[in-house]
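Using the sequences and the accompanying hints, generate a full structural model.
4 protein chains.
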Amino acid sequence: MTPQTNCAPELLVQTWFNTDRPLTLAGLRGRVVVLAAFQVLCPNSVASGVPQARRIYETFAPDDVTVIGMHTTFEHHDAFTVPVLKAFIQEYRLKFPVALDQPNPAGPIPHTMERYKMRGTPSLVLIDRYGMVRKHAFGAVDDMRIGAEIGALTQESESAALTRSSAA
Amino acid sequence: MTPQTNCAPELLVQTWFNTDRPLTLAGLRGRVVVLAAFQVLCPNSVASGVPQARRIYETFAPDDVTVIGMHTTFEHHDAFTVPVLKAFIQEYRLKFPVALDQPNPAGPIPHTMERYKMRGTPSLVLIDRYGMVRKHAFGAVDDMRIGAEIGALTQESESAALTRSSAA
Amino acid sequence: MTPQTNCAPELLVQTWFNTDRPLTLAGLRGRVVVLAAFQVLCPNSVASGVPQARRIYETFAPDDVTVIGMHTTFEHHDAFTVPVLKAFIQEYRLKFPVALDQPNPAGPIPHTMERYKMRGTPSLVLIDRYGMVRKHAFGAVDDMRIGAEIGALTQESESAALTRSSAA
Amino acid sequence: MTPQTNCAPELLVQTWFNTDRPLTLAGLRGRVVVLAAFQVLCPNSVASGVPQARRIYETFAPDDVTVIGMHTTFEHHDAFTVPVLKAFIQEYRLKFPVALDQPNPAGPIPHTMERYKMRGTPSLVLIDRYGMVRKHAFGAVDDMRIGAEIGALTQESESAALTRSSAA
Chain A
141 MTPQTNCAPE LLVQTWFNTD RPLTLAGLRG RVVVLAAFQV LCPNSVASGV PQARRIYETF
201 APDDVTVIGM HTTFEHHDAF TVPVLKAFIQ EYRLKFPVAL DQPNPAGPIP HTMERYKMRG
261 TPSLVLIDRY GMVRKHAFGA VDDMRIGAEI GALTQESESA ALTRSSAA
Chain B
141 MTPQTNCAPE LLVQTWFNTD RPLTLAGLRG RVVVLAAFQV LCPNSVASGV PQARRIYETF
201 APDDVTVIGM HTTFEHHDAF TVPVLKAFIQ EYRLKFPVAL DQPNPAGPIP HTMERYKMRG
261 TPSLVLIDRY GMVRKHAFGA VDDMRIGAEI GALTQESESA ALTRSSAA
Chain C
141 MTPQTNCAPE LLVQTWFNTD RPLTLAGLRG RVVVLAAFQV LCPNSVASGV PQARRIYETF
201 APDDVTVIGM HTTFEHHDAF TVPVLKAFIQ EYRLKFPVAL DQPNPAGPIP HTMERYKMRG
261 TPSLVLIDRY GMVRKHAFGA VDDMRIGAEI GALTQESESA ALTRSSAA
Chain D
141 MTPQTNCAPE LLVQTWFNTD RPLTLAGLRG RVVVLAAFQV LCPNSVASGV PQARRIYETF
201 APDDVTVIGM HTTFEHHDAF TVPVLKAFIQ EYRLKFPVAL DQPNPAGPIP HTMERYKMRG
261 TPSLVLIDRY GMVRKHAFGA VDDMRIGAEI GALTQESESA ALTRSSAA
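Residue numbers (the numbering used here), protein chains in the order written: chain A, 141 to 308; chain B, 141 to 308; chain C, 141 to 308; chain D, 141 to 308.
Do not rely on the hints blindly, as some may be mistaken.
Repeated chains share a single entry, so a pair holds when one copy, or any two copies, can fit it.
[Claimed, not checked] Here are the simulated lysine to any residue pairs, SDA-like style, with alpha carbons at most 25 Å apart:
hint, residue 1, residue 2
1, K226, G279
2, K226, Q242
3, K275, H216
4, K275, V205
5, K235, V265
6, K226, G271
7, K257, E231
8, K226, V273
Keep in mind the hints are simulated off the structure, nothing from the lab.
Set out below in structure tokens:
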């Protein structure tokens, strides 16, 4: 696993789907969080990133591993309306929470994409129980490896994660 | 091949992309025409219909076989704007002409979809050199079979098609 | 289509499977013949060549297009026994005739492979109704294109093929 | 994970490939062991089981997770000779140790297949650091889930596995 131990920046979200109330990383402390960034007209997001996010969601217990879809883009801003995202979620039968990244009036890169320095979509970010970024990948990622990495993260107790983090 | 010999209804189009001027089936008489109906948020269109249309376009000589993408839908109408289709065409690098089906103010089914009695997307319609519908399929279709059917249609001379059609 | 117009050399076969009697190209004159060369331990043959041969067999009428599997190899000769081929045909549920290429005591390249100057497996040879080689491909080939080429060959009458051949 | 906690029976092997000396589960105690049973002419083994074993081998550190391919079958016994397996290993570029299951003169089911009560191929067995069977699956298995399960097993210390096992 890429030895990244940065604290995961809080999400900045314009609109949430598939959840009663907004989610925050702070509120998810104690769980492993998978942040799957995608864009509905990006071929690699649709062919690889989104289906993989769905497989992660179906593989792990939701109260242990929380999958969040994050729609984000640095282009085609006039195309991505709330009805587009709603229709996409319905057509692809996504069950996990999906967020629409918060636009930045000052430029084309929305806030969450900027905070995480994402290079585009699909991007996958694994956050451990203590809120640290443990992996950040751009493009297609192997299912076997992602499964292994999330599986390993779920075995860390919250206290162990704390110890590891303090030592880092 | 399904023995369909109906005359192909003319296309009704709101906006054309990837072409200098509107196309008409009348103007394409003498060529084989492949009408590939899709919807940008429909999983089967994106995973199967659109890539197959692209393979048809890459396999046959364009002055012999004309591929037309037709974006059409009976739902999510608020989602499908011109910028969405523009972004899709750019992201998926489509080179063949794409039409946006003409909405029907009287109901959810746009005009071309209605004229062709399409059941949804993806739909594939093969039209022979004389303007007759020779195949109309809904859902995923085998590449080998479609290749064979288009290959056979290209071997019909215009006059032969005429003869066949008169005899029918 | 590659403009190859060589006369297809007759097959030299050690053992036939899935047929009551030996087949010859001479006896198949008037039909389109698809010769699909494979080797049961060759990854590309098993993943791509053999399944494609099966799709060709399922797409075209057998009295119009005859598919022949030809097991051939220039190496691992001690591995390829008749029981191996029998088990393979049963496990992969092949229904079309399969031939075991005739070994050449003088060297590692069996007779049919040598006559056709095959570079290895999988190889695909299309033979028209008049016995002429019209395509010879090594490695994976696109289903759409192969479908189109066989579809076009089936539209050639035997007399047309004769004319074309005489003119060449 | 299937809550199986049987002690993994020792392997019975006729011939080893890709290893200097015979492996035993006893000698691998302390490591996670992945036993991937396959048959070279079984379509699901070749399309799914063997490539997955290779992805496991490429994903995990070999001194932590040992992958063993086990060729086994209850039929076609005359087909599976040592040269066949040698050629297969070479053609598919397998780098991990491969064993040929020991035939049972008394019947068609070889010894390791019988000891593990395998239903056929492909079969996948996960053995923890303390030698206990933790998963036994027949047929295709999801990469994400297998990755997660092996990833979790690698996080168990040998002493923890011992404790768990004693308590069971």
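With 25 Å as the alpha-carbon cut-off, assign the pair K226 and G279 to within, between, both or neither.
both (24 Å within a copy, 23 Å between copies)
When Cα atoms must be at most 25 Å apart, do K235 and V265 count as within-copy, between-copy, both, or neither?
within (19 Å within a copy, 31 Å between copies)
State whether the alpha carbon distance between K275 and H216 is at most 25 Å within one copy, between copies, both, or neither.
For K275 and H216, the Cα distance exceeds 25 Å both inside one copy (28 Å) and across copies (36 Å).
Evaluate K226 and Q242 at a C-alpha cut-off of 25 Å and name the case that applies: within, between, both or neither.
both (16 Å within a copy, 23 Å between copies)
When no copy is named, should K226 and G271 be tagged within, between, both, or neither for a Cα gap of at most 25 Å?
This pair counts as neither: shortest intra-copy Cα distance 29 Å, inter-copy 39 Å.
As a check of your reading, is K257 near E231 (CA-CA no more than 25 Å) within one copy, between copies, both or neither?
between (29 Å within a copy, 22 Å between copies)
I want to check one pair: K226 and V273. Are their C-alpha atoms no more than 25 Å apart within a copy, between two copies, both, or neither?
neither (29 Å within a copy, 35 Å between copies)
Intra/inter-copy verdict for K275 and V205 if alpha-carbon distance must be at most 25 Å
Both, since 15 Å and 22 Å are each at most 25 Å.
In terms of the numbered hints stated before, the structure departs from hints 3, 6, 8, listed from lowest to highest.
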